[in-house]
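Starting from the given sequences, assemble the full structure and let the hints guide the process.
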Amino acid sequence: MSRELDVVVFGATGFVGELTAQYLADHAPSKTRIGLAGRSETKLAAVRRRLGEKARDWPLIVADSDSPASLDAMCGRTRVVCTTVGPYLRYGENLVIAAATAGTDYVDLTGEVPFVRYSVDKADELAAASGARIVHSCGFDSVPSDLGAYLLHRTIAEDGAGEMTDTTLVVTSLRGGLSGGTIDSIRVISEQAKDSDTRRLLMNPQALSGGSGDTPRVGINSEPSDITPVDAKKVDPSLRGTLAPFFMSSYNTRVVRRSNYLLDGAYGDGFRYQETMSVGGVPGLSAALAGVVTVGTGAFLGAMSFAPTRKVLDYVLPKPGSGPSEKTRETGNFVTQTFTTTTSGRRYRSQMRAHGDPGYKATAVMLGESAL
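Just so you know, we're using my numbering here: the sequence shown kicks off at 21 and counts up by one.
One or more of the hints may lead you astray.
What the hints assert, rightly or not - Calculated lysine-lysine pairs in the BS3-like style (CA-CA distance at most 25 Å, straight line):
1) Lys347 with Lys74
2) Lys339 with Lys214
3) Lys74 with Lys142
4) Lys74 with Lys51
5) Lys214 with Lys331
6) Lys74 with Lys63
7) Lys63 with Lys331
Calculated directly from the structure, the hints in this document are not laboratory data.
See below:
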């Protein structure tokens with residue numbers, strides 16, 4: 021496929037968009053042809069100046085999520101479109117269709133089950149016909165989750181150790197805040213969840229399994245709950261105390277199950293997946309803290325679904341397009357460990373770690389590398 025550009029960053033004037041563009045300016049191979057896209061050419065030019073000498077000649081592309089013609093033109097110029105423009109339920113539908121139609125590879129940062137379901141239903145067949153590769157959730161949601169499970173599968177297969185059964189991701193270290201984009205996605209999903217069909221989709225653990233037009237299925241196996249604490253010893257004998265539910269579990273678990281679906285169920289007939297976070301190994305204290313996390317997460321999501329309390333929270337939560345200082349971004353980190361037991365009885369563990377705020381610096385690295 022001959023195109024003018026290799027990668028276009030759509031949403032480059034936003035906070036994470038500029039971080040991603042900066043990562044590409046610093047780390048992309050020298051001959052990579054990169055463009056910046058957004059609604060304002062003036063703002064794009066300002067971003068390009070801040071990126072430094074390597075970005076001096078990068079083309080600027082004016083495109084708008086509400087203008088399908090501009091998105092078609094943008095996708096026709098590049099091999100890959102890398103979009104940070106969310107919430108994707110609000111701003112992403114036209115672009116994923118444009119990319120799938122044009123045969124342009126597509127990467128994003130969505131954490132929205134209804135949007136990915138829309139993409140599967142509406143863009144999958146278009147992408148298959150054009151050769152486009154549509155890859156959602158290329159940041160902290162859900163690269164550590166997806167790769168952690170996949171690396172376990174690959175290692176177990178190489179060892180001939182059977183298939184995966186109960187599998188649990190444990191967030192053992194997390195320093196950083198929720199991004200304004202993530203908060204805005206939660207806000208939009210909370211609004212959409214007033215619809216009964218959307219609520220059923222969000223509650224279905226297999227919501228993203230299946231192909232275009234398939235009714236999301238309820239899996240053969242009863243999947244673990246996304247909202248209850250877990251006895252750490254049941255995950256692995258080396259762990260102690262009680263594990264709290266991880267606040268992004270209800271999205272990441274669906275992504276991991278979709279990957280298993282796309283691999284024709286290679287993880288195994290008995291594969292069951294959940295996500296948790298460590299709150300310390302002291303039995304009584306960790307149980308209390310896990311309970312607090314569970315109640316607090318439920319209260320936050322409940323408040324976000326109720327318009328009056330959502331308006332109050334809007335005053336204190338991060339705004340879309342905003343972000344922390346460079347010092348805060350640099351001092352963040354995350355570590356995740358994924359544990360599984362195989363059908364042969366062997367235990368395996370994979371680990372993912374990164375320096376930098378998970379929702380900002382680390383996400384920009386993961387998205388940039390996905391685009392490349």
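Results for each hint:
For the hint linking Lys347 to Lys74, the alpha-carbon distance of about 24 Å falls within 25 Å, and the restraint holds. The hinted pair formed by Lys339 and Lys214 meets the criterion: a straight-line CA distance of about 23 Å does not exceed 25 Å. Our distance criterion of 25 Å between C-alpha atoms is broken by Lys74 and Lys142, whose separation comes to about 37 Å. For the proposed pair Lys74 and Lys51, the alpha carbon gap of about 11 Å is at most 25 Å, so the pair holds.
For the hint linking Lys214 to Lys331, the alpha-carbon distance of about 17 Å falls within 25 Å, and the restraint holds. Straight-line distance between C-alpha atoms of Lys74 and Lys63 comes to about 18 Å, which keeps the hinted pair within the 25 Å bound. A hinted pair counts as satisfied when its Cα atoms are at most 25 Å apart, and Lys63 with Lys331 does not qualify at roughly 29 Å.
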